[in-house]
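Chemist: Using the hints, put the two chains back together into the complex; each one sits in its own frame.
For the record, the sequence lines run as chains A and B. According to UniProt numbering, numbering within the first sequence proceeds without interruption in unit steps and concludes at 156. According to UniProt numbering, numbering within the second sequence proceeds without interruption in unit steps and concludes at 263.
Just so you know, the hints here were simulated from the structure itself, not pulled from any lab data. These numbers were taken from a predicted model, which means no experiment stands behind them. Beta carbons are placed, not taken as given, at the ideal position from N, Cα and C, and that holds for glycine.
Per the computed footprint, the stretches of chain A lying under chain B, defined by three or more beta-carbons under 8 Å from a beta-carbon of chain B, are:
(1) 14-27
(2) 30-43
(3) 99-112
(4) 122-134
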Amino acid sequence: MTEVNLTVNGRRVRRDVPDAMLLVEFLREELRLTGTHVGCDTSQCGACLVHLDGRAVKSCATLAAQASGGTVVTIEGIAGDELHPMQKAFNDHHGLQCGYCTPGMVMSGIDMVKRYRAAGRELTEAAIRAELEGNICRCTGYHNIVRSIRAAAAEM
Amino acid sequence: MYPVTYHRPASVEEALHLLAEEEEAMALAGGQTLLPTMKQHLAAPSALVDLAACGLSGIRAEGGGLVIGAMTTHAEIAASAEVAAHLPVLGLVAAGIGDPAVRHRGTIGGSVANNDPAADYPAALLALEARIETDRRVLAAEEFFEGLFATALEEGEIVTRIHLDPPKRAAYAKFPNPASRYALVGVMVAETAAGIRVAVTGAGEDGVFRHAGLEAALDAEFTPDAAAAVRVSPAGLAADLHASAAYRAHLIAVMAARAVAAC
Numbered sequence: 001m002t003e004v005n006l007t008v009n010g011r012r013v014r015r016d017v018p019d020a021m022l023l024v025e026f027l028r029e030e031l032r033l034t035g036t037h038v039g040c041d042t043s044q045c046g047a048c049l050v051h052l053d054g055r056a057v058k059s060c061a062t063l064a065a066q067a068s069g070g071t072v073v074t075i076e077g078i079a080g081d082e083l084h085p086m087q088k089a090f091n092d093h094h095g096l097q098c099g100y101c102t103p104g105m106v107m108s109g110i111d112m113v114k115r116y117r118a119a120g121r122e123l124t125e126a127a128i129r130a131e132l133e134g135n136i137c138r139c140t141g142y143h144n145i146v147r148s149i150r151a152a153a154a155e156m
Numbered sequence: 001m002y003p004v005t006y007h008r009p010a011s012v013e014e015a016l017h018l019l020a021e022e023e024e025a026m027a028l029a030g031g032q033t034l035l036p037t038m039k040q041h042l043a044a045p046s047a048l049v050d051l052a053a054c055g056l057s058g059i060r061a062e063g064g065g066l067v068i069g070a071m072t073t074h075a076e077i078a079a080s081a082e083v084a085a086h087l088p089v090l091g092l093v094a095a096g097i098g099d100p101a102v103r104h105r106g107t108i109g110g111s112v113a114n115n116d117p118a119a120d121y122p123a124a125l126l127a128l129e130a131r132i133e134t135d136r137r138v139l140a141a142e143e144f145f146e147g148l149f150a151t152a153l154e155e156g157e158i159v160t161r162i163h164l165d166p167p168k169r170a171a172y173a174k175f176p177n178p179a180s181r182y183a184l185v186g187v188m189v190a191e192t193a194a195g196i197r198v199a200v201t202g203a204g205e206d207g208v209f210r211h212a213g214l215e216a217a218l219d220a221e222f223t224p225d226a227a228a229a230v231r232v233s234p235a236g237l238a239a240d241l242h243a244s245a246a247y248r249a250h251l252i253a254v255m256a257a258r259a260v261a262a263c
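Just chain B, with the same shape it has in the complex (with noise of 0.2 Å):
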């Protein structure tokens, strides 16, 4: 790793004011992604501003819905008592991230604002319509979340907080990469009060996306037949040594038939 200068401010200001008077410098969360990265030379921030101690740690139930801090731990919020009450699907989601010693320090803030194309995260939050807050505004995941590790955070604006209602149904079907266990696909389908969204990653070649022709069928028909009986075209899907394009658009029908067999 390259030298780097560490902080760990007390409060989100001063996060914020330390971001702002470094060009080079970077947030940390949970570090599971940006500590490899930055071994692997992948990343060289001048400086992390770990936002450990910023009070941005917790989850509590409001008004029906649930807000969690960026910083709550995956394991955090498998374990979570709330999230159980309110949002299962959301806890059996943290609890296929990773591994156990990573769900301990990796949280679901860094996560979004990571955006990697295989997370988990970004399809359930996508799926769920939830909304994400940051130190100067709220944003819908569908602008949040913009391409291939791409969101649309500025320059030293940090997420603080993820807005969740639960939804009528909501399941999620992961087809793990077998080394990695990183989503070769997954598919988030949920019913929210808005319509049926099915929200697919590991595959996009542009990170997670909405697929319109599953909501659709699904809508029609809220089956696991009708969503397995929906031709996913492979146009726009990722190709790797791990799986071509068609190989994932077939995943990504049978993996919606099986999460909404688990709704």
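So that you can see chain A by itself, here it is in the shape it has in the complex (with noise of 0.2 Å):
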């Protein structure tokens, strides 16, 4: 056993666990934030995607013991009152079908504008595109997700 600490969406949380115990693991059975989701647990689709550190990262490969010490943000902990403006942009251009992949589209999202703003880079729609590459949605395409981003961008 391990013992893990971080600070998750703003609350420290201290956990013994298995040293092999994942960060997305961690995240949904310990602290039961099921918003980050397993898809393909081979770190190619992007569902289980969190901010570590203030980093994209893929949250099925990563220990949690090796984040212990650092700061994770889920899709749970970037709404306050309102919806995050990224949220919004998906729901007001639709940008999912079935929903699974979403909370990694989203959390790549607003890393992707984040990281393109602090290097004075443009996000063109072709940028998006490139950008996502590690999240894979298999219902609606990415034109609306692409479109989402922009407009998210845009409000950020």
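Modeler: Okay, here's the thing in structure tokens:
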């Protein structure tokens, strides 16, 4: 067992868990934050995407122990009194169908908007499509997801 | 994943001690290959020695070249002002690995120590004549990369830094597998102080290799046409459901020509 200390969505948590526990298992099973999904479980689909110390990572390819000492933000932690602009944009532009990949898409969208802004680069439609390489959606064909991220980028 | 004991030592010395202590221990870098491999039960170390807190991260310019810590992530290399100033081709290679989330955790040291036959860094480091520093010695890339997932690393030896000198010119061209985005064929062309270097990843049955025929042709005439005119033999190239050896041979000349055009 290993002691894992994390700040998750602004709340400090401490748990003793098996050393082999993945961050996504820690979030879902220990903290019951089930908004972060397991899709492929082979680190390709991005449904498990969360922010660790301000960077988008796949929580199915990260041990909880590796993350210990860090700060995690999940889909449950981005809205205030109102939806986050990225969530609202996915709603307004119908950027989902079944919704399974959506938490990862939203977290990926926020990450790319922040990174491009910090680097002073324009987040074009082509850039959004390239940035979504690690997020797979099997329903939408991506058009409305790209539209949602573009719209949210203008609001963030 | 099978049970494993996790360690996060605070120094390279402590990491080496932990690796030596337990026979089945493995060093853990970014984990973007090792953890999925463990989940598939293709690796089952008894202990993981996480190198994250050993001070092996960071990029510094030194003597006109670059020294890159083994735990520096692909995203850090892709976004580095030092890399952009001294070795922009390496930033482009890093920006093309995996996807953004994988680049946030995957490291250059982990990639070279794993020596995946379809990884991008081995071709880049071989063509750029990088020197790979470990806890006990410095190896030329040529000596370091030995074969399929095989390197010159001894039991319990860890990569600490990568040393690179800027080439006169260099470019990398990759034909990614459309699903996995790993290189079906990736070709790094570089003109270094020692001459023309052409390194190929994704295609060799025995991992990354230099192509003497392409190097000779480009030494005589450094043009895309000269590269495209080289008949690459399929002997020794990988064949699988993604591509035949003959197709990979064809792609090597095409990617070499594209890399020369981008130099």
